[in-house]
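Each chain is listed here by its residues.
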Amino acid sequence: MAASAAKAAPKGETARATKTATPKPQRASKTAGRDKASAATSGGLSFSKEQELHAHREMLLIRRFEEKAGQLYGMGLIGGFCHLYIGQEAVVIGMQMAVEPGDQVITGYRDHGHMLACEMDPKGVMAELTGRRGGYSKGKGGSMHMFSVEKQFYGGHGIVGAQVSLGTGLAFANKYKKNGKVSLVYFGDGASNQGQVYESFNMAKLWKLPVVYVIENNKYGMGTSVERASSNTNLSQRGASFDIPGEQVDGMDVRAVKAAGDRAIAHARGGEGPYILEMVTYRYRGHSMSDPAKYRSKDEVQKMRETHDPIEQVRARLIKDGHASEDELKAVDKEVRDIVNAAAEFATNDAEPDPSELWTDILR
Amino acid sequence: MPIEVLMPALSPTMEAGKLAKWLKKEGDAVKSGDVIAEIETDKATMEVEAVDEGVLGKILIEDGSEDVKVNTPIALILADGEDESALEKGGAAPEKAEAQPAPKDETPAETEAKSDGKPASGPAKVESAAANPPAPEALPEPDVPEGTEMVMTTVRDALRDAMQEEMRRDDRVFLMGEEVAEYQGAYKVSQGLLDEFGKERVIDTPITEHGFAGVGVGAALAGLKPIVEFMTFNFAMQAIDQIINSAAKTLYMSGGQMGCSIVFRGANGAAARVAAQHSQDYAAWYSNVPGLTVIAPYTAADAKGLLKAAIRDENTVIFLENEILYGQQFPVPKLDDYVVPIGKAKIARPGKDVTIVAWSIGMTYALKAAEELAKDGIEAEVIDLRTIRPMDTDTIIESVKKTGRIVTVEEGWAQSGVGAEISARVTERAFDWLDAPVIRVSGKDVPMPYAANLEKLALPSVAEVVEAAKAVCYRD
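Listed in order, the protein sequences are those of chains A and B. Positions in the first sequence are counted from 1; adding 81 to them yields our numbering. Positions in the second sequence are counted from 1; adding 1 to them yields our numbering.
Extracted from the complex, chain A is given alone in its bound form (with noise of 0.2 Å):
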């Protein structure tokens, strides 16, 4: 990671794409070979009227979440290393979608949106954020370090590759507890060519444990695109040595993620072992807050958004189906609205750490 530089001027409203995108047609997953069950996704996917809902909120809270983040970084009121979500809201969405309670989640340093999605409080993530004693973790770990015990949430963690041998791990102890759990492994693709991963990969493979990775492919790992620095691209493949199955899934589509979740959580929690999904993203913003992103063109961001906008894309659905109006839809983005104007008052007022906190936590 960079070192980090100085802060980002207070960004404006970047203004973001209004007009309701003409629902692109489904893109057809580009299916791996050996999994029959990923045809499923080229066709019939449909959300009933209380997912698509449940969907655009969930997806529009981290949206939110973030530019407030974004916002308190311009401010100097968040420091260190703040890495943000935005446009990769569909894949935690879709796959939070699919999971039973009890399942867990492990996952890098672009972590604010897992957080959310496993129904952490804003609250407290936001406070961890500018390093305050309401914070996850009392303000000790901040933007990549948070966890939650109650919501299985494991992480929240700074070095590239390692939550995947840790998130190995939650599934050995889920087998060896019995106890029908899974856990989900989010990594990016620049994780995907570190060399614990296919240590991680054989073991699950071997053991059978019941852990989905998914890759967020959001293009660049950090400003190296997939290109220059994966001799293959395709990362659903990337087990393919293990004999671990995996596919590439519109990682923009909700509804193509919570289907493609579907099958590899029950793969996994059905005793046949790990299972590989490729969730094919993009990040608008920079790879963290002081990346300026020059190793691709403002029209390549303004392209991805205007076309392929995750939660833009459940919107006009739910206009066009009739599920929602122009007016309620604007009542959610409200109701979100105040959620993380709460969080960020709260992480504003609330105190630092007390002192004596430098010197607590570190055995039990």
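Everything labelled a hint here was simulated from the structure, so no lab data went into it. Note that the coordinates shown come from a computational prediction; the quantities given were computed from them, not determined experimentally. Treat the hints with care, since some could be wrong.
To be verified - The following residues of chain B were derived to be distant from chain A, with all beta-carbon distances above 12 Å:
1) 17
2) 21
3) 64
4) 80
5) 83
6) 153
7) 165
8) 184
9) 216
10) 221
11) 242
12) 342
13) 398
14) 430
Unchecked claim - Here are the computed distance ranges between Cβ atoms for each label pair:
15) 432(B) / 161(A): 32 to 42 Å
16) 147(B) / 260(A): 28 to 38 Å
17) 200(A) / 335(B): 23 to 33 Å
Just so it is clear, CB atoms sit at the ideal spot from N, CA and C, and this is done for glycine as well.
Given the coordinates of chain A, work out where chain B should sit on it, guided by the hints.
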């Protein structure tokens, strides 16, 4: 002249073994390459091949003989033209022949498997200081009731007993590592555990330290209590990111919510004749890290009692064993539940003239040096540190206040070493009591050489400890 077949050394640290079975009987013809016997070492069963041709004239060591010292003649081979009468006069100046060991299994045991896949052969002499059996009057822990039976136990068995007892006590405890299950442990520390606890709790891993350390940490975060065995800590350098960044720091980073109760254990430091990549002492490395507990026991009783404590501990414990100590015997109190407190040093030998602080195998040098010094009228107080982090500074300081002089002993390098840390603490807290500068006896500042003479020079010696102790006492 009959040829003597000698008990071979089958591993770098083997001093003796069991002659399990003769595969040839007296009178059988043997030729070079024939397997003549099976020998059990503390790590594996190995086949011994004849090197010479002739007739197996006489078997000197029976089937099933235990504890046959390396280089003991085990049989006589009659060369062409010799008959049994030659056996009578055989003893005069027999031509010695080393039997060549061959690995019985495809998977060779122990550390060399990492480097060249071949077990060491030939007379791997163990360094003098380490080879000599310890003569410690290990003072029993204060909480051992008077009259408790003491059972002579090897460090290896003591470690196994500790794991066995704790696995019986707590279902969350499991053992994972390379060769810990079916092979019964690369150093046979886990012998018998697979049979008792099954493959769900005694787990052979692939040779992927980074990955399985991470898996262990993940399982610990999820509430299990893993014991992760590294065949040696040299290989844990591959895994050190997970040990430090994930295991040691998560409790703090989570604001106390999520801890990592795990033991990383295995052989640390120099074995014998395995050269630079397999001979490093990591005590100082791990002891640098807040969030880790670092233990390095010397005696079997401490190995058992401290490993039990480590397994029960709620934190990440680095448990540094020593290959050369594995086979050494010490009295262990026969108690149902012998647990030694973490973080407490032990005065292994009281004295008033100079303090010697050591731990793990360093204790062998320290205790012998104390004996030597006693002959010259210098009464050394030997402190067995046992836990490197948290360090029992109080015990050291109290001793220094009494003696006014201190020598530290470690096999690791001096720079930023544990001895350097002890020296700093003594300077900070007992400067006014010091009558001489602190002297560190340590491994030399070089990668470990292979050649026997150089290796001996690279390691600390009893003579160096004696010399250092005399120097701080201003005695010749």
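Where does the structure disagree with the numbered hints, that is, which hint numbers, in rising order?
-> Violated hints: 9, 10, 11, 16 and 17; rest satisfied.
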